[in-house]
Amino acid sequence: MAPVLEARDVVRVLPGEVPVTLVAGITLSIGAGEFVAITGPSGSGKSSLLYLLGLLDRPTEGAVLVEGRDTGDLSAAEMARLRLEKLGFVFQFHFLLPEFSALANVLIPMRKLGRFGDAEMRDRALALLGRLGLEDQAHKRPDQLSGGQRQRVAIARALANDPKVVLADEPTGNLDTKNAQIVFDIFSGLARDSGTTVVTVTHDEHLAAQATRRVHLVDGRLVDGAAG
Amino acid sequence: MALPLALDVAVTHLLGRKRQTVVSVLGVALGVGFFIAVAALMQGFQTYFRQTIIDVSPHVIVSDEFREPPVQPVESAYRGGAVDLRGLRPEDERRGIRDSRAIIDAIDRIPGAEVAATLSGQVVLRFGGTDEAATLIGIEPDREARVTTLAQDIEAGSLERLETTANGILLGRQLADTLGATLGDSLIAVTPAGVTRRVTVEGIFHTGIETLDSNVAYTLLKRAQVMQDRINVVNQIRLRLDDPNRAPEVAQRTEARFGYKAESWQETNQNIFQIFTIQNAIMYSIVGAILVVAAFGIFNVISTVIFEKTRDIAILKSIGLTEGDIRRIFLIEGLIAGMIGALLGWAVGYGLTEVLASIRFDFSADPEENRFHLDYSLLHYAIGGGFACAAAGLAAWLPARRAAKLNPVEIVRGAA
Ligand SMILES: Nc1ncnc2c1ncn2[C@@H]1O[C@H](COP(=O)(O)OP(=O)(O)OP(=O)(O)O)[C@@H](O)[C@H]1O
Ligand SMILES: [Mg+2]
Chain L
16 MAPVLEARDV VRVLPGEVPV TLVAGITLSI GAGEFVAITG PSGSGKSSLL
66 YLLGLLDRPT EGAVLVEGRD TGDLSAAEMA RLRLEKLGFV FQFHFLLPEF
116 SALANVLIPM RKLGRFGDAE MRDRALALLG RLGLEDQAHK RPDQLSGGQR
166 QRVAIARALA NDPKVVLADE PTGNLDTKNA QIVFDIFSGL ARDSGTTVVT
216 VTHDEHLAAQ ATRRVHLVDG RLVDGAAG
Chain Z
96 MALPLALDVA VTHLLGRKRQ TVVSVLGVAL GVGFFIAVAA LMQGFQTYFR
146 QTIIDVSPHV IVSDEFREPP VQPVESAYRG GAVDLRGLRP EDERRGIRDS
196 RAIIDAIDRI PGAEVAATLS GQVVLRFGGT DEAATLIGIE PDREARVTTL
246 AQDIEAGSLE RLETTANGIL LGRQLADTLG ATLGDSLIAV TPAGVTRRVT
296 VEGIFHTGIE TLDSNVAYTL LKRAQVMQDR INVVNQIRLR LDDPNRAPEV
346 AQRTEARFGY KAESWQETNQ NIFQIFTIQN AIMYSIVGAI LVVAAFGIFN
396 VISTVIFEKT RDIAILKSIG LTEGDIRRIF LIEGLIAGMI GALLGWAVGY
446 GLTEVLASIR FDFSADPEEN RFHLDYSLLH YAIGGGFACA AAGLAAWLPA
496 RRAAKLNPVE IVRGAA
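As you go down the protein sequences, you meet chains L and Z in turn.
Sequential numbering from 16 applies to the first sequence in our numbering.
Sequential numbering from 96 applies to the second sequence in our numbering.
These aren't lab readings, by the way, just hints derived from the structure by calculation.
Take the hints with a grain of salt, since some may be wrong.
To be verified - Result set (BS3-like, lysine-lysine): computed pairs, CA atoms no more than 25 Å apart in a straight line:
| hint | chain 1 | residue 1 | chain 2 | residue 2 |
| --- | --- | --- | --- | --- |
| 1 | L | Lys-193 | L | Lys-155 |
| 2 | Z | Lys-356 | Z | Lys-317 |
| 3 | L | Lys-101 | Z | Lys-356 |
| 4 | L | Lys-101 | L | Lys-179 |
| 5 | Z | Lys-113 | L | Lys-155 |
As the list claims (entries may be wrong) - Derived CB-CB ranges, DEER-like:
| hint | chain 1 | residue 1 | chain 2 | residue 2 | range |
| --- | --- | --- | --- | --- | --- |
| 6 | L | Asp-88 | Z | Leu-98 | 34 to 44 Å |
| 7 | Z | Thr-399 | L | Asp-177 | 34 to 44 Å |
| 8 | Z | Thr-405 | L | Val-33 | 42 to 52 Å |
| 9 | Z | Leu-98 | L | Glu-93 | 25 to 35 Å |
| 10 | Z | Glu-505 | L | Ala-39 | 54 to 64 Å |
| 11 | Z | Thr-405 | L | Asp-177 | 26 to 36 Å |
| 12 | L | Arg-207 | Z | Glu-505 | 28 to 38 Å |
| 13 | Z | Leu-98 | L | Arg-207 | 29 to 39 Å |
| 14 | L | Arg-73 | Z | Gly-446 | 52 to 62 Å |
| 15 | L | Val-26 | Z | Glu-505 | 12 to 22 Å |
| 16 | Z | Glu-505 | L | Pro-56 | 40 to 50 Å |
| 17 | L | Glu-93 | Z | Gly-446 | 49 to 59 Å |
As the list claims (entries may be wrong) - Far from chain Z, some chain L residues (derived; all Cβ distances over 10 Å):
| hint | residue |
| --- | --- |
| 18 | Glu-32 |
| 19 | Val-35 |
| 20 | Ala-39 |
| 21 | Ser-44 |
| 22 | Arg-84 |
| 23 | Thr-86 |
| 24 | Leu-97 |
| 25 | Glu-100 |
| 26 | Leu-128 |
| 27 | Asp-158 |
| 28 | Gln-159 |
| 29 | Asp-234 |
| 30 | Arg-236 |
No experiment lies behind these values; they were computed from the predicted model shown.
We put the CB at the ideal spot given by N, CA and C, even for glycine.
Kindly generate the complete structure, drawing on both the sequences and the hints.
Set out below in C-alpha cells:
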C-alpha cells in the first residue's frame with residue numbers, strides 16, 4: 016500500500032537577494048496510522064517541512080505525494096480541495112474564528128465540503144466536541160474558553176472531515192503540562208483507534224517520546240529516523 | 096446555520112464593524128436617494144417641457160426661407176471657384192411661399208397630418224391715443240384650430256367670429272391691456288403697405304407665452320393678404336402630426352420636395368434639448384461623484400476588515416477554502432453594503448420625491464405652473480440601484496483580490 020504522505024528529495028528555498036534554504040533535501044514516507052513527532056532545534060526547518068507536507072507551500076525541488084499521488088502539478092484550487100478532504104491543521108496559536116462559537120468553528124470544514132446535510136453536520140460536530148471533552152462548551156465563543164479548550168476545539172475542527180492526516184505545529188507550545196498531555200493522548204488515540212496519521216512538531220522531549228516514530232531535523236536535513 | 100459559509104463569514108465581518116459599515120451604507124443610500132429625486136425632478140421637467148412644446152406649437156413649420164443661398168447662374172457655369180462673386184445685392188422682391196396651394200395639398204394627403212397656412216406682417220394698432228406695433232398674423236380659423244391650441248386659448252369672444260364679422264381681429268391679452276381695448280372695441284390698423292383699416296376686437300387670447308400674448312394679433316388670412324397688399328401669398332405653413340416623433344422625417348421630405356426651409360419642432364428647440372442633455376450629464380456626474388465617495392467608504396471597510404482578519408483568512412485557506420472562496424466573502428460584503436444602501440436609497444429617493452411633489456409655488460394663476468413636474472420612473476430606481484451595486488462590487492473587488500492572494504504560510508509564520 017502506498018504511504019499516506021511522502022516527501023521525495025524535497026528542497027524549499029526562499030528566493031531573494033540572499034536565498035534562504037528552509038528545507039535542504041528531505042525524503043520521508045509516512046504510513047497510515049503512524050504518529051510522527053518532528054523535533055529539532057529552533058530554525059531547523061520543522062514548520063517549513065510541515066507546510067510542505069500539508070500542501071500549504073510548494074517545494075522548490077522534489078515532490079510531495081499524498082496517497083501516492085504527486086501534488087506538483089496540482090492547481091491552487093486542487094491543493095485546497097486536497098487539504099479540505101484529506102488533511103487537518105492544528106497550529107500553535109489555536110487560530111479559531113473569534114466571532115464563531117466552538118460548534119460553528121468545527122462546522123466550517125464540513126460546510127465547505129458540503130457532503131452532509133445541516134442536521135448531520137451538527138450531529139457530527141457535536142460528537143467530535145464530545146470526544147474531546149467539550150460537550151458543554153459547544154456554544155461558547157473562543158474568548159470564553161481556556162487555552163487548552165481552544166486547542167481541543169482546533170483539533171476537533173481539524174478532524175471535521177475525517178482527514179487521513181492531522182498536521183500539528185507545536186500544538187502544545189502554549190499549553191501547561193496537563194493540557195499538553197491531553198492533546199498528546201488525543202493524538203495517540205487517533206492514530207491507534209481510527210488509523211488517522213498524525214504528524215506533529217514539538218520541542219518537548221517527553222511528549223515526543225510518546226510518538227510511534229520520531230524524526231529529527233537539523234539545518235533543514237533529517238538526522239535519524241529518516242527511513243521507513 | 097442555513098446561510099452559505101461565505102455569506103455567514105461576510106455578515107460576521109460586517110457586524111464586527113457596525114459603525115463603519117453603517118456609514119458607508121448611508122453614503123450609498125444618499126447617493127441613490129439623491130439620484131432618484133433629482134432624476135424625477137429633471138426628467139419630469141424635461142418631459143413636461145417637451146409635452147408643452149408638442150401641445151402648443153406646430154410640429155413642422157415651412158417658411159419662406161432657403162437653407163442655402165440661391166446659386167448664381169454664373170457660378171454654375173464656371174464651377175470650382177473660377178469666378179468669385181462679391182458684394183451681391185439680393186433681388187428686392189418681397190418674400191413669400193409662392194406655390195402654397197400645392198404644398199398644402201401635398202401635406203393634406205399625408206395621413207395623420209393637419210396643415211394651416213399663415214401670412215404674418217407688421218401692423219400698427221391705434222386705440223384712443225395709444226399706438227402699438229404688433230405682428231398681424233392671417234389665419235384660416237378652422238385649419239388653425241386643428242394645428243395650434245389657439246381655439247382653446249381664447250379667453251373672451253371666439254375664433255369663429257373672425258369669419259362671421261367683417262374686419263374682425265383677435266388680440267393677445269397683454270396687447271389688449273396695453274392698448275386698453277376690450278371685446279367689441281373698434282381699432283385703427285395701419286400696415287407698412289399703407290393700408291388703413293378699422294378693425295373690431297372679436298376675441299382675446301392668452302397662451303401663457305409672453306411674446307405671443309403681448310405682440311400678436313390674428314385676423315383672417317384673406318384679410319391679412321389684402322392689408323399687406325400680398326394677395327395669395329403666405330409666409331408660413333404649419334403642420335401638426337398625430338405622431339410628433341415623425342416631424343423630422345416629414346420636415347425633411349417636405350423640404351426636399353419644395354425647397355422651402357421646413358423645420359421640425361425638434362430642430363426649432365434643439366438648443367433647449369442640448370441644454371437638457373448637458374443637465375443630464377451634470378446630474379449623472381454629481382451622482383457618480385457621490386457614489387464614488389460611497390464606494391470609497393465600502394473600499395475602506397473591506398480593506399480594514401481584511402487587515403484585521405488576515406489570520407482568519409489564513410485559517411480558512413489552511414482548512415481548504417480556495418482563493419475564489421476568499422474573494423467571494425469580501426465581494427459579498429461589498430454587495431451587501433451596496434444592496435442595503437440601494438434599498439435604503441430607494442426609500443430616501445421616494446421620500447424626497449414625495450417632498451418635492453408636495454411643494455407649491457406662487458408663480459402663476461395656472462396650478463400646473465406652481466408645482467414641480469416629477470417623473471416617477473422605475474427605471475431611475477433600477478439605474479440607481481444598479482449603479483450602487485456596481486460601485487460597491489468594484490470597491491470590494493480590489494481588496495478582495497488582494498485578500499485572496501494572501502499566503503497563509505506567511506501569516507502563520509508571522510503569528511508564530
Ligand atoms: N520569510 C523568511 N525569510 C527569511 N528566513 C526565513 C523566513 N522564514 C523562515 N526563515 C528561516 O528558515 C529557517 C527554517 O524556519 P522554520 O520556521 O521552518 O524553523 P522551525 O524549525 O519551525 O523553527 P521554530 O522551532 O523556531 O519554530 C529558519 O532559519 C528561519 O529563520
Ligand atoms: Mg516552527
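So, going through the hints one by one against the coordinates:
1. For the hint pairing L/Lys-193 with L/Lys-155, the CA-to-CA distance comes to about 22 Å; that is within 25 Å, so the pair holds.
2. Pair hint Z/Lys-356 plus Z/Lys-317 holds up; C-alpha atoms about 24 Å apart against a cutoff of 25 Å.
3. Taking the CA atoms of L/Lys-101 and Z/Lys-356, the gap is about 83 Å. The hint is violated against a cut of 25 Å.
4. With a C-alpha separation of about 5 Å, the suggested pair L/Lys-101 and L/Lys-179 falls inside the 25 Å cut-off, and the hint holds.
5. Note on Z/Lys-113 and L/Lys-155: the hinted pairing holds, with a Cα-Cα distance of about 22 Å set against a maximum of 25 Å.
6. Look at L/Asp-88 against Z/Leu-98: about 35 Å separates their beta carbons, and that is inside 34 to 44 Å.
7. In this structure the supplied range 34 to 44 Å holds for Z/Thr-399 paired with L/Asp-177, their Cβ-Cβ distance being about 37 Å.
8. Between Z/Thr-405 and L/Val-33 the beta carbons are some 26 Å apart, a value that contradicts the proposed interval 42 to 52 Å.
9. As the Cβ distance of Z/Leu-98 to L/Glu-93 is approximately 27 Å, the hint placing it in 25 to 35 Å holds.
10. A hinted range of 54 to 64 Å for the beta carbons of Z/Glu-505 and L/Ala-39 is inconsistent with their spacing of about 21 Å.
11. In this structure the hint that Z/Thr-405 and L/Asp-177 lie 26 to 36 Å apart at CB holds, the actual value being about 29 Å.
12. In this structure the hint that L/Arg-207 and Z/Glu-505 lie 28 to 38 Å apart at CB holds, the actual value being about 35 Å.
13. Range check, Z/Leu-98 to L/Arg-207: Cβ separation about 38 Å, and the 29 to 39 Å hint holds.
14. The hinted window of 52 to 62 Å between L/Arg-73 and Z/Gly-446 holds, with their beta carbons roughly 56 Å apart.
15. At roughly 19 Å, the beta-carbon separation of L/Val-26 and Z/Glu-505 lies within the given 12 to 22 Å, and the hint holds.
16. For Z/Glu-505 and L/Pro-56, the Cβ-Cβ distance of about 22 Å falls outside the hinted range of 40 to 50 Å, so the restraint is violated.
17. At roughly 52 Å, the beta carbons of L/Glu-93 and Z/Gly-446 sit within the given window of 49 to 59 Å.
18. Listed as a non-interface residue, L/Glu-32 keeps its Cβ farther than 10 Å from every Cβ of chain Z; the least gap is roughly 18 Å.
19. Look at L/Val-35: its CB is around 12 Å from the nearest CB on chain Z, clear of 10 Å, so calling it non-interface holds up.
20. The beta carbon of L/Ala-39 sits about 18 Å from the closest Cβ of chain Z, which is more than 10 Å, so the claim that it is off the interface holds.
21. Consistency note on L/Ser-44: stated as away from chain Z, and its beta-carbon is indeed over 10 Å from all of that chain's, at 23 Å minimum.
22. No beta-carbon of chain Z is positioned within 10 Å of the beta-carbon of L/Arg-84; the least distance is around 16 Å.
23. Against the 10 Å criterion, L/Thr-86 stays outside the reach of chain Z, whose nearest CB is about 14 Å from its own CB.
24. Against the 10 Å criterion, L/Leu-97 falls within the reach of chain Z, whose nearest CB is about 8 Å from its own CB.
25. Here L/Glu-100 does not stay apart from chain Z, with its beta-carbon only about 7 Å from theirs, under the 10 Å limit.
26. Taking the minimum C-beta to C-beta distance to chain Z, about 8 Å, the non-interface status of L/Leu-128 is violated against the 10 Å cut.
27. With a least CB separation of 13 Å from chain Z, L/Asp-158 remains clear of the 10 Å interface cut-off, as annotated.
28. Once the 10 Å rule is applied to beta carbons, L/Gln-159 is consistent with being away from chain Z; the minimum gap is 16 Å.
29. Interface exclusion of L/Asp-234 from chain Z stands, the closest Cβ pair being 18 Å apart, more than 10 Å.
30. Every CB of chain Z lies more than 10 Å from the CB of L/Arg-236, the least distance being 20 Å, so the non-interface label holds.
Going through the hint list in order, the structure does not satisfy hints 3, 8, 10, 16, 24, 25, 26.
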